[in-house]
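K.L.:
Sequence:
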Amino acid sequence: MEEEKEQKKKKREWWEIPARCAVLLVIIPIIIPTHWYRIIYLGTIGRFFPHTVESRVEDIEKDVRKRLSLKEIPEELRILVLKKEKQIELWGKDSAGKWSRLEYYPILGIPDVSGPKTEKDDRKTPEGIYKIASLDPNSKHYLSIKLDFPSEEDIAIAKKEGRDPSAMNVDYMLHGVGFSNQNIFVTDKTMEEIFYLAAKVGLENTRVLITPHDFRKNDMPVIVDGPWVKERYKQLKDEMELLNEKKETPENAETGKN
Numbered sequence: 001m002e003e004e005k006e007q008k009k010k011k012r013e014w015w016e017i018p019a020r021c022a023v024l025l026v027i028i029p030i031i032i033p034t035h036w037y038r039i040i041y042l043g044t045i046g047r048f049f050p051h052t053v054e055s056r057v058e059d060i061e062k063d064v065r066k067r068l069s070l071k072e073i074p075e076e077l078r079i080l081v082l083k084k085e086k087q088i089e090l091w092g093k094d095s096a097g098k099w100s101r102l103e104y105y106p107i108l109g110i111p112d113v114s115g116p117k118t119e120k121d122d123r124k125t126p127e128g129i130y131k132i133a134s135l136d137p138n139s140k141h142y143l144s145i146k147l148d149f150p151s152e153e154d155i156a157i158a159k160k161e162g163r164d165p166s167a168m169n170v171d172y173m174l175h176g177v178g179f180s181n182q183n184i185f186v187t188d189k190t191m192e193e194i195f196y197l198a199a200k201v202g203l204e205n206t207r208v209l210i211t212p213h214d215f216r217k218n219d220m221p222v223i224v225d226g227p228w229v230k231e232r233y234k235q236l237k238d239e240m241e242l243l244n245e246k247k248e249t250p251e252n253a254e255t256g257k258n
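Numbering (this note's numbering), first residue to last: 1 to 258.
These aren't lab readings, by the way, just hints derived from the structure by calculation.
This one's a predicted model, so the numbers in the text were calculated from it and none came from an experiment.
Think of the CB as a built atom: it goes at the ideal place given N, C-alpha and C, for glycine as much as any other residue.
Not one of these hints is a red herring.
When the alpha-carbon atoms are kept at most 16 Å apart in a straight line, the in silico EDC-like pairs for lysine to aspartate or glutamate are as follows:
#1 Lys86 with Asp112
#2 Lys131 with Asp171
#3 Lys131 with Glu76
#4 Lys146 with Glu127
#5 Lys189 with Glu61
#6 Lys140 with Asp188
#7 Lys160 with Asp225
#8 Lys200 with Asp94
#9 Lys146 with Asp171
#10 Lys200 with Asp59
#11 Lys131 with Glu204
#12 Lys217 with Asp238
#13 Lys93 with Glu204
#14 Lys86 with Asp214
#15 Lys189 with Asp59
#16 Lys124 with Asp225
#17 Lys84 with Glu127
With beta-carbon atoms standing in for the labels, derived distance ranges:
#18 Lys230 with Lys62: 44 to 50 Å
#19 Glu58 with Glu161: 44 to 50 Å
#20 Asp59 with Ala133: 20 to 26 Å
#21 Glu231 with Gly202: 25 to 31 Å
Generate the whole structure from the sequences, applying the supplied hints.
P.N.:
Here it is as structure tokens:
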């Protein structure tokens, strides 16, 4: 009799473990913040079922294309980050060479210290025209884009000024919901659209423009920290002139869909 009870107990324990895990997966997202749930998931179950960029794109493609009313994938993509306005604009170039604004979004978090980033812990945002180094489909912030900061130009300027280029070595990201010190973060839906387009257009055809404010509406700052900063702002202004539809850019991106 005792042996039979022991066998039943073992059988019960066998199915109780996965059952309890399933219950936890349902309860945890409800009782803890999304960001922390993702960290827990990526450190446990997510380790065995990682996403690829392709699988993420496939998962979100239908919803993203519907939200953007996207008929075709652009030839080139510009992700315009306006620090002062706390706004991101997505611009696509079609096969005829015409640029058009695809969408605009509010930025939930961005360091507001003025000037380009020159040190790892200066709490500044890089300013300039950057390539995308990589896409992360398994980020603890849902999805993320890593910039090629410091760029070759950033490193060359640091050496010229006698600064240690390694002092800038930091993974600078644009990512979904979840606070991070110094990075730029947006809503998860916004990140889906940016991630999807960057993946489909191709990293080689995508650039991220980060500017202190909208140079299409306001002059460049009179006081800048060094001649190279003035030249960089001029490069940004020239590039932004291409991204200038007749209709006005919204003063406040809070009216955006995401």
